[in-house]
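A.B. asks: Now for the letters of each chain:
Protein chains: 2
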Amino acid sequence: MASDIAVGVDFGGTKVLASVVDIKTGKILGSAKKRTDQNDNPKELGERLFGTIDEALKSAGLSKKQQITGIGVGIAGQVDSENGVLLGAPNLSQATVNLPLAEMLKKRYDVPATLLNDVQIAAIGESAFGAGKDMDNFLCVFVGTGIGGAFVQNGDLVRGASGSAGEIGHLVIDANGRLCGCGGRGHLEAYASRTAMTLAIIGELKRGRSSILTKLAPDLKDDAPGGTALRSGILAKAIDEKDDLCIDAVRDAAYYLGLGLASAINLLNPPRIILGGGVIESVSMLFDLASKHARQEALATPGKAVEIVRAELGDNSGVVGAAITGARAT
Amino acid sequence: MASDIAVGVDFGGTKVLASVVDIKTGKILGSAKKRTDQNDNPKELGERLFGTIDEALKSAGLSKKQQITGIGVGIAGQVDSENGVLLGAPNLSQATVNLPLAEMLKKRYDVPATLLNDVQIAAIGESAFGAGKDMDNFLCVFVGTGIGGAFVQNGDLVRGASGSAGEIGHLVIDANGRLCGCGGRGHLEAYASRTAMTLAIIGELKRGRSSILTKLAPDLKDDAPGGTALRSGILAKAIDEKDDLCIDAVRDAAYYLGLGLASAINLLNPPRIILGGGVIESVSMLFDLASKHARQEALATPGKAVEIVRAELGDNSGVVGAAITGARAT
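If you read the protein sequences in the order shown, they are chains F and C.
Residue numbers for the first sequence follow the working numbering, so the first one is 1 and each next one is one higher.
Residue numbers for the second sequence follow the working numbering, so the first one is 1 and each next one is one higher.
Please note that the accuracy of each hint is not assured.
Same chains, same label: a pair holds when it works inside one copy or across any pair of copies.
Capping the alpha-carbon separation at 20 angstroms, the derived lysine to any residue pairs in SDA-like fashion look like this [claimed, not checked]:
no.: 1; residue 1: K292; residue 2: A161
no.: 2; residue 1: K133; residue 2: G26
no.: 3; residue 1: K304; residue 2: S81
No lab work stands behind these hints, which were simulated from the structure alone.
If you're wondering where the values come from, they're calculated on a predicted model, not measured in any experiment.
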């Protein structure tokens, strides 16, 4: 009998989280995490992945190659999910391209393995045990370092012609606007991601604007152009302290996030949008303003039809979803 | 035995076209058309519809209530397709709201009848006999008075939570940009529809810019703000004559249409986009530039994966698709 226990891994831009999951209940039996390192070469990236899985198995009281039915990995990069190959992941390892991760996992753990992107696994997790569990159709939007999305139609994740459906962060919302990390212009992600907010805040600090951030995050001003340095928790704290600069930055981001959501509402007419990701979880003002603005900007009919809710599984949506795909792998 | 003959009606902003269609082959057995009149009251709108259907039946050599299996209507307005009710259609009749058109058709012709919007029926027509006939997944985009869209997923039209999925004309592509007819700002339709092009051209004519249009369409400058007066054929002719103003207007529209298509490509990752509508059919420069720009602006992976093709059924996509839905009606 196949066991109901699978391993799910969420390999993101800041950390790798691996969990052993009971996929019948969504319960997490053991977890481990490691920091991500952009300097990893392909071998190191693989070892970081294996090491985290090994620790998660240990923390669940399982040994390697025992009692698990499969391994699913979601990764913050471009994947060829059909063949289980990581095509590239600039935020995780500049040096890694075309790494056959699913194959490597199969060899090491002797169980089936799958590879998806990090947003897709989170959507599957929310679909099974979170804010999408009673819905056949919904759109997930996760705001973090970037902005990712995934939509579920008739109970299935829509993958698209080449597995990249759901890239809501790359909706053009401001023709000829800000440069996006992808090279495009005016994309949602360049206005409403945590990275975008951080860059706007750093710019203002450099212009001499006062902010409590000079105390809460004294090194922020020196951050390289990456703009990933401002943690969501610190942003939330500054807003609790009524810091003008941070309130302005979040209000701006929420305005544009609302426009992007309105576009998605008009095009897809979803019954529900699930908003998640670190900055949405930490900063309730972003959720509140973006939801309100999305409804205002959307056409009346689909705007009334959509519920906008928070993701429910937090950090665990990814590992739970990944474990589910791992258990289904062949 | 149910016959394979059904009536399809495409009730658009400028004309009503009704056809008797062999839904097994897509062949049109007879057609009729009438102009649309915005001054219609609900009764007149109904009579315009009935009159066109009666003429189409006659032209196919059929009598009323005989030999047809159903009637499908696609209409340029907001519809409640579940109940066959026209909620409102400002471009067809300011006075008409909540008209139970399907019920009225059933009563008069004694066959099942359905109501969808005009873009949805065109997508169904292209799906069955046109540019989508070999595809389970595609996005249709029709450029005319407005810009409408519809997408087909796993062979079925995606309707969304309240039947309005596909409204690509109301993607926000320019935050804080031009006012759209819907009241929103910066929507694709306000930049790339025939109406948008016409308004831009009229503005330039009023500023004194010279153009062959002063000969081809001498009354254009006096057009009311509706901006629907410039026919696609005249625009095409002016471009053939290398009219600078019209070339600029189409180039601008194609630029923005490309941005909107890129957004849709990034979000949906469709294997194919079918572009149709009067102005796409008449003005090949619009199709060519918009397709090229869409690929350039889209993310690399979905941009490479998408084919962009022309609709194949022209004016008939709507009536053929409508007839198919009529034949399926119960």
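A.B. asks: Please write out, lowest number first, the hints stated earlier that are contradicted by the structure.
C.D. replies: none
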